[in-house]
Amino acid sequence: MTQAPPALPIWDEFPHVLHTHQFSAEALEVLVQHTQAFEKAFAKRQPLPRKSRKRPWLVKLMFFEASTRTEDTSWLAAHRLHMRVRTIPHPQTFSSAAKGESLTDAIAALTRVGGLGEMRAADCLVIRHKDEGSASLAAKVVDTANGDGEIKLPLPVINAGDGTGQHPTQSFVDLYTIHQERRNGNHPLENITVLFSGDLKRGRTVNSLLYLLGKFGERHTIRVLFSTHSELGPKQDILQYLARHRIHYEFVPEFPNAIPQADVIYMTRIQRERSDGANYTTLDRGRYVFRKEYLSHLKTGAFVMHPLPINRDPEDPPAEIDDELTPLALKKDPRCAWFRQSHRGVPVRAALFDIIFAHIDAMIKKQTA
Amino acid sequence: MTQAPPALPIWDEFPHVLHTHQFSAEALEVLVQHTQAFEKAFAKRQPLPRKSRKRPWLVKLMFFEASTRTEDTSWLAAHRLHMRVRTIPHPQTFSSAAKGESLTDAIAALTRVGGLGEMRAADCLVIRHKDEGSASLAAKVVDTANGDGEIKLPLPVINAGDGTGQHPTQSFVDLYTIHQERRNGNHPLENITVLFSGDLKRGRTVNSLLYLLGKFGERHTIRVLFSTHSELGPKQDILQYLARHRIHYEFVPEFPNAIPQADVIYMTRIQRERSDGANYTTLDRGRYVFRKEYLSHLKTGAFVMHPLPINRDPEDPPAEIDDELTPLALKKDPRCAWFRQSHRGVPVRAALFDIIFAHIDAMIKKQTA
Amino acid sequence: MTQAPPALPIWDEFPHVLHTHQFSAEALEVLVQHTQAFEKAFAKRQPLPRKSRKRPWLVKLMFFEASTRTEDTSWLAAHRLHMRVRTIPHPQTFSSAAKGESLTDAIAALTRVGGLGEMRAADCLVIRHKDEGSASLAAKVVDTANGDGEIKLPLPVINAGDGTGQHPTQSFVDLYTIHQERRNGNHPLENITVLFSGDLKRGRTVNSLLYLLGKFGERHTIRVLFSTHSELGPKQDILQYLARHRIHYEFVPEFPNAIPQADVIYMTRIQRERSDGANYTTLDRGRYVFRKEYLSHLKTGAFVMHPLPINRDPEDPPAEIDDELTPLALKKDPRCAWFRQSHRGVPVRAALFDIIFAHIDAMIKKQTA
Numbered sequence: 000m001t002q003a004p005p006a007l008p009i010w011d012e013f014p015h016v017l018h019t020h021q022f023s024a025e026a027l028e029v030l031v032q033h034t035q036a037f038e039k040a041f042a043k044r045q046p047l048p049r050k051s052r053k054r055p056w057l058v059k060l061m062f063f064e065a066s067t068r069t070e071d072t073s074w075l076a077a078h079r080l081h082m083r084v085r086t087i088p089h090p091q092t093f094s095s096a097a098k099g100e101s102l103t104d105a106i107a108a109l110t111r112v113g114g115l116g117e118m119r120a121a122d123c124l125v126i127r128h129k130d131e132g133s134a135s136l137a138a139k140v141v142d143t144a145n146g147d148g149e150i151k152l153p154l155p156v157i158n159a160g161d162g163t164g165q166h167p168t169q170s171f172v173d174l175y176t177i178h179q180e181r182r183n184g185n186h187p188l189e190n191i192t193v194l195f196s197g198d199l200k201r202g203r204t205v206n207s208l209l210y211l212l213g214k215f216g217e218r219h220t221i222r223v224l225f226s227t228h229s230e231l232g233p234k235q236d237i238l239q240y241l242a243r244h245r246i247h248y249e250f251v252p253e254f255p256n257a258i259p260q261a262d263v264i265y266m267t268r269i270q271r272e273r274s275d276g277a278n279y280t281t282l283d284r285g286r287y288v289f290r291k292e293y294l295s296h297l298k299t300g301a302f303v304m305h306p307l308p309i310n311r312d313p314e315d316p317p318a319e320i321d322d323e324l325t326p327l328a329l330k331k332d333p334r335c336a337w338f339r340q341s342h343r344g345v346p347v348r349a350a351l352f353d354i355i356f357a358h359i360d361a362m363i364k365k366q367t368a
Numbered sequence: 000m001t002q003a004p005p006a007l008p009i010w011d012e013f014p015h016v017l018h019t020h021q022f023s024a025e026a027l028e029v030l031v032q033h034t035q036a037f038e039k040a041f042a043k044r045q046p047l048p049r050k051s052r053k054r055p056w057l058v059k060l061m062f063f064e065a066s067t068r069t070e071d072t073s074w075l076a077a078h079r080l081h082m083r084v085r086t087i088p089h090p091q092t093f094s095s096a097a098k099g100e101s102l103t104d105a106i107a108a109l110t111r112v113g114g115l116g117e118m119r120a121a122d123c124l125v126i127r128h129k130d131e132g133s134a135s136l137a138a139k140v141v142d143t144a145n146g147d148g149e150i151k152l153p154l155p156v157i158n159a160g161d162g163t164g165q166h167p168t169q170s171f172v173d174l175y176t177i178h179q180e181r182r183n184g185n186h187p188l189e190n191i192t193v194l195f196s197g198d199l200k201r202g203r204t205v206n207s208l209l210y211l212l213g214k215f216g217e218r219h220t221i222r223v224l225f226s227t228h229s230e231l232g233p234k235q236d237i238l239q240y241l242a243r244h245r246i247h248y249e250f251v252p253e254f255p256n257a258i259p260q261a262d263v264i265y266m267t268r269i270q271r272e273r274s275d276g277a278n279y280t281t282l283d284r285g286r287y288v289f290r291k292e293y294l295s296h297l298k299t300g301a302f303v304m305h306p307l308p309i310n311r312d313p314e315d316p317p318a319e320i321d322d323e324l325t326p327l328a329l330k331k332d333p334r335c336a337w338f339r340q341s342h343r344g345v346p347v348r349a350a351l352f353d354i355i356f357a358h359i360d361a362m363i364k365k366q367t368a
Numbered sequence: 000m001t002q003a004p005p006a007l008p009i010w011d012e013f014p015h016v017l018h019t020h021q022f023s024a025e026a027l028e029v030l031v032q033h034t035q036a037f038e039k040a041f042a043k044r045q046p047l048p049r050k051s052r053k054r055p056w057l058v059k060l061m062f063f064e065a066s067t068r069t070e071d072t073s074w075l076a077a078h079r080l081h082m083r084v085r086t087i088p089h090p091q092t093f094s095s096a097a098k099g100e101s102l103t104d105a106i107a108a109l110t111r112v113g114g115l116g117e118m119r120a121a122d123c124l125v126i127r128h129k130d131e132g133s134a135s136l137a138a139k140v141v142d143t144a145n146g147d148g149e150i151k152l153p154l155p156v157i158n159a160g161d162g163t164g165q166h167p168t169q170s171f172v173d174l175y176t177i178h179q180e181r182r183n184g185n186h187p188l189e190n191i192t193v194l195f196s197g198d199l200k201r202g203r204t205v206n207s208l209l210y211l212l213g214k215f216g217e218r219h220t221i222r223v224l225f226s227t228h229s230e231l232g233p234k235q236d237i238l239q240y241l242a243r244h245r246i247h248y249e250f251v252p253e254f255p256n257a258i259p260q261a262d263v264i265y266m267t268r269i270q271r272e273r274s275d276g277a278n279y280t281t282l283d284r285g286r287y288v289f290r291k292e293y294l295s296h297l298k299t300g301a302f303v304m305h306p307l308p309i310n311r312d313p314e315d316p317p318a319e320i321d322d323e324l325t326p327l328a329l330k331k332d333p334r335c336a337w338f339r340q341s342h343r344g345v346p347v348r349a350a351l352f353d354i355i356f357a358h359i360d361a362m363i364k365k366q367t368a
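Chains as they are written, first to last, in numbering that gives the first Met the number 0: chain A, 0 to 368; chain B, 0 to 368; chain C, 0 to 368.
Fair warning: there could be bad hints in the mix.
Which copy is meant is left open, because identical chains are indistinguishable; a pair holds if it fits in one copy or across any two.
Simulated pairs of lysine-lysine, BS3-like, Cα-Cα distance not exceeding 25 Å [to be verified]:
{"hint": "1", "residue 1": "Lys-298", "residue 2": "Lys-129"}
{"hint": "2", "residue 1": "Lys-98", "residue 2": "Lys-129"}
{"hint": "3", "residue 1": "Lys-364", "residue 2": "Lys-39"}
{"hint": "4", "residue 1": "Lys-234", "residue 2": "Lys-298"}
{"hint": "5", "residue 1": "Lys-200", "residue 2": "Lys-129"}
{"hint": "6", "residue 1": "Lys-234", "residue 2": "Lys-98"}
{"hint": "7", "residue 1": "Lys-364", "residue 2": "Lys-298"}
{"hint": "8", "residue 1": "Lys-200", "residue 2": "Lys-234"}
{"hint": "9", "residue 1": "Lys-129", "residue 2": "Lys-39"}
{"hint": "10", "residue 1": "Lys-98", "residue 2": "Lys-139"}
{"hint": "11", "residue 1": "Lys-139", "residue 2": "Lys-331"}
{"hint": "12", "residue 1": "Lys-331", "residue 2": "Lys-39"}
{"hint": "13", "residue 1": "Lys-200", "residue 2": "Lys-98"}
{"hint": "14", "residue 1": "Lys-298", "residue 2": "Lys-139"}
{"hint": "15", "residue 1": "Lys-291", "residue 2": "Lys-330"}
{"hint": "16", "residue 1": "Lys-298", "residue 2": "Lys-331"}
{"hint": "17", "residue 1": "Lys-365", "residue 2": "Lys-234"}
{"hint": "18", "residue 1": "Lys-365", "residue 2": "Lys-98"}
{"hint": "19", "residue 1": "Lys-330", "residue 2": "Lys-298"}
Don't read these hints as lab results, they were simulated from the structure.
Can you make the complete structure from the sequences, with help from the hints?
This is how it looks when you write it as structure tokens:
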């Protein structure tokens, strides 16, 4: 299955994955199809054919901020591809924080950029960091090493969340989930209405998914609804972007009014750790909770997504998705898609690694020809 | 050696390891014998014959509370069996704590229960968590996935310590140690007197071992002595359990009076991190210290155990086992068994993994037949 | 390449790496040559010939203090040699700290010294700990197991930093860097002037490198300059050692006066985490910053080293090396050697592991002959 690399190159130049802006609708369709092939292969629990890989690629996971699902599914995806994985242990507690090291220096040290030529300390970098733009900075650092007359050995950087910026691979997971869950007898994005609730201001997964939906605005009729606290609405630049890309959007103050209109309901956690606490405590969060009784108001085929984690802190109620729905989600109720969505991180990230390294193989072949 | 799986199934149903209550005396004897075989194989430093294993099993270690020995010996045991090990990095600092995720959601996300059918993110879960009952909750979550009409792929959960609850695999290590260290020319549990000291109220290893000894009350003459601070005595339900299972127990207030009666002296650390600090500081801890001079009062063949760690904090003396005994323990003095006991975590956990996966293999074969 | 083990044994007795004192000039030259061979092999990105290794060695990394580069390059080096690596997860938060375990007990538990004879839980220990002498203590613990009549299976301990003590493998990296970067048409240490700045009192890398240079004092003309705050000068015992070993040293209060005299400028970070805060804040740190304009004052062929991390905390300026030099370092400017120096941790540590295990192989062969 993986012998045949995707027909369409998804990068013009260098295979970094920094923000969703950079991918075309065509490239994203390729990624979805490739992921479908991987999901099938994994479901059979058979080793993948990796005949085209001769090098023992090493993926370095650098999570300067805590991560559960992204870190875990990146590890599993790399592992399934028989790549080696190096997880930097608790980088948030080491140099950068404790000893004042700059991110540039940390990246250089951990990748050996500026080092000994061919001798690389990683073949791919997956990075999460609290600062917006951190992944782009890392990419800039590693690109420095590619202009010095040697054979260019690309070192791709994958943004696994840069503060309140983006989280592009999560939005690939979300897009893929919509493809797999929506059965409308047509293209899954055709005539779709996506309702967003929760923290639309600081939630990087929302940002990333909206930018990504914009890529399909010319091809499909897409409608976006926002229903959340006025303090937590989407940023102006995203709204302008949506308008430019022919995505119709609307604000629906009353959450129950929005639900019956939506094909996909995308819930998110309010990021209290990024908020100025003051606001947070005065929010009437009960207004934007997805409750069990709403299930009966759903359109046929509609379903609820959540990038996880859901806030279920008993000392900070309410949860944004009622815990009464958890048993349904565990039982794979088609309307409760969040655990399946989380699970899809594995095939999506595997497909992405595979495309990246196929791209790099091609680059190397071209240079050494 | 491992081709011949244990003759006796040790689970009727599903191979979780949640508490010591669930195992019969017969099952425990099987585990001891199987461990002896593993210890022999490891001592030769030869690769184990793993012909019966075709699947690359993945064990996931989730330690929401810090662990040294259990985590390390689980890793080594899995590694020795050529299984893949995934250690979730510092889970205690991630979602659950920082973002309010529930344990149910975390387990579902990390196991992909509720996810994509056959595509599993782990084949075995080893979990430590501060809450009593957490491992049973995890087992309940993963069992949900087994009732939905697909082939049942069991996902066993091993309790590696649930707060002040239990720590069953530690008590397997303890039982095995008693088997290996006691040379009475008879069954090692026959006519045995076990003296417990330290934190008998909150010490989960003590709980687990007492429940386990109870399983043998019908077969062997077993006597238990408790010698500790009155505030730290064993809970009522354990005493009732012992009585029901024909284990004779006694309280001996003066520690030196208890020592000459015991075949095994099981020392434990007072868990100040779980205590209401008030009590702790007023305890006259010097009364229940195992001192070097006590060695000469030991019965022939008697020995001292400790699940480790021993408290040797210089700012919080005294240690419950005098540091003067450390050189003897390092030199493998037969009376100082605690380092050997710790070491046995490797063969015990390897034997347990092996039995679990043999059980699962059999389950799968039965379903697909 | 690695089939031919180094001709010269670098240990008389037991292959611990505890401090730089223990190595002779001859031994260090062997290590440098062996590292050169490894660097070449790695640069070709080809698997190493490991025909002489039959045992699956397990290296245990125990970093009780945070580490980035040392931990990472140790991992990579072991990985490149196809050894198995076990990283103890965040040991600084576990038993020793939280539950009062002594380092002796922790080492015994994690190595199974005092345990079950042949059944070892690690074949090599790499340890970093905040206490001076901690690595030597660990070596003492593991040596205990070698006097009990069984076949001696050496368990080498590598000191990866013991508080303000030493960090010998970093100084091997530094020595090797000087060998690779200095092109004087002669032995790289001949007629060399090394300028040290920064924290010469508590910086263990400075300590280690000075002790190591002393080993060459009889063979080469070596001059050392110190230019730093009077409160942060080198300790008396090191100065005496240098004098004894025919190393000429000088104090140069004005940093700009020292620069034009030096072949190697060794900058270090002031270790505020180890300092009594009082002093630190009153230092005029701007006096000892390596600034971009100093490049033009350098001797031909001179270069700047730094063991990293550089302090670039925006809230605690200035950095000891001006950030304007970072782009030059990333572009591999020959005068800015610090990223190459960091990178060399991989071949140096690989060569060291290789020599250690060759030594152990020979010891075993001798015993079993």
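Consistency of the hints with the structure:
1. Lys-298 <-> Lys-129: This pair counts as neither: shortest intra-copy Cα distance 38 Å, inter-copy 42 Å.
2. Lys-98 <-> Lys-129: Both: 17 Å inside a chain and 15 Å across chains, each within 25 Å.
3. Lys-364 <-> Lys-39: For Lys-364 and Lys-39, the Cα distance is within 25 Å only across copies (23 Å; inside one copy 29 Å).
4. Lys-234 <-> Lys-298: neither (28 Å within a copy, 55 Å between copies)
5. Lys-200 <-> Lys-129: within (16 Å within a copy, 34 Å between copies)
6. Lys-234 <-> Lys-98: Between. Shortest inter-copy distance 23 Å satisfies the 25 Å Cα cut-off; intra-copy 35 Å does not.
7. Lys-364 <-> Lys-298: neither (51 Å within a copy, 42 Å between copies)
8. Lys-200 <-> Lys-234: So Lys-200 and Lys-234 pass the 25 Å test inside one copy only (6 Å; across, 52 Å).
9. Lys-129 <-> Lys-39: Result: close neither inside a copy nor across copies, 35 Å intra and 38 Å inter.
10. Lys-98 <-> Lys-139: within (23 Å within a copy, 31 Å between copies)
11. Lys-139 <-> Lys-331: between (42 Å within a copy, 15 Å between copies)
12. Lys-331 <-> Lys-39: within (18 Å within a copy, 46 Å between copies)
13. Lys-200 <-> Lys-98: Between. Shortest inter-copy distance 17 Å satisfies the 25 Å Cα cut-off; intra-copy 32 Å does not.
14. Lys-298 <-> Lys-139: neither (46 Å within a copy, 32 Å between copies)
15. Lys-291 <-> Lys-330: within (15 Å within a copy, 58 Å between copies)
16. Lys-298 <-> Lys-331: Classified as within: same-chain Cα gap 18 Å, cross-chain 60 Å, threshold 25 Å.
17. Lys-365 <-> Lys-234: neither (42 Å within a copy, 57 Å between copies)
18. Lys-365 <-> Lys-98: neither (42 Å within a copy, 46 Å between copies)
19. Lys-330 <-> Lys-298: Answer is within: at 20 Å inside a copy they meet the 25 Å cutoff, but 58 Å across does not.
Of the numbered hints listed earlier, those contradicted by the structure are 1, 4, 7, 9, 14, 17 and 18.
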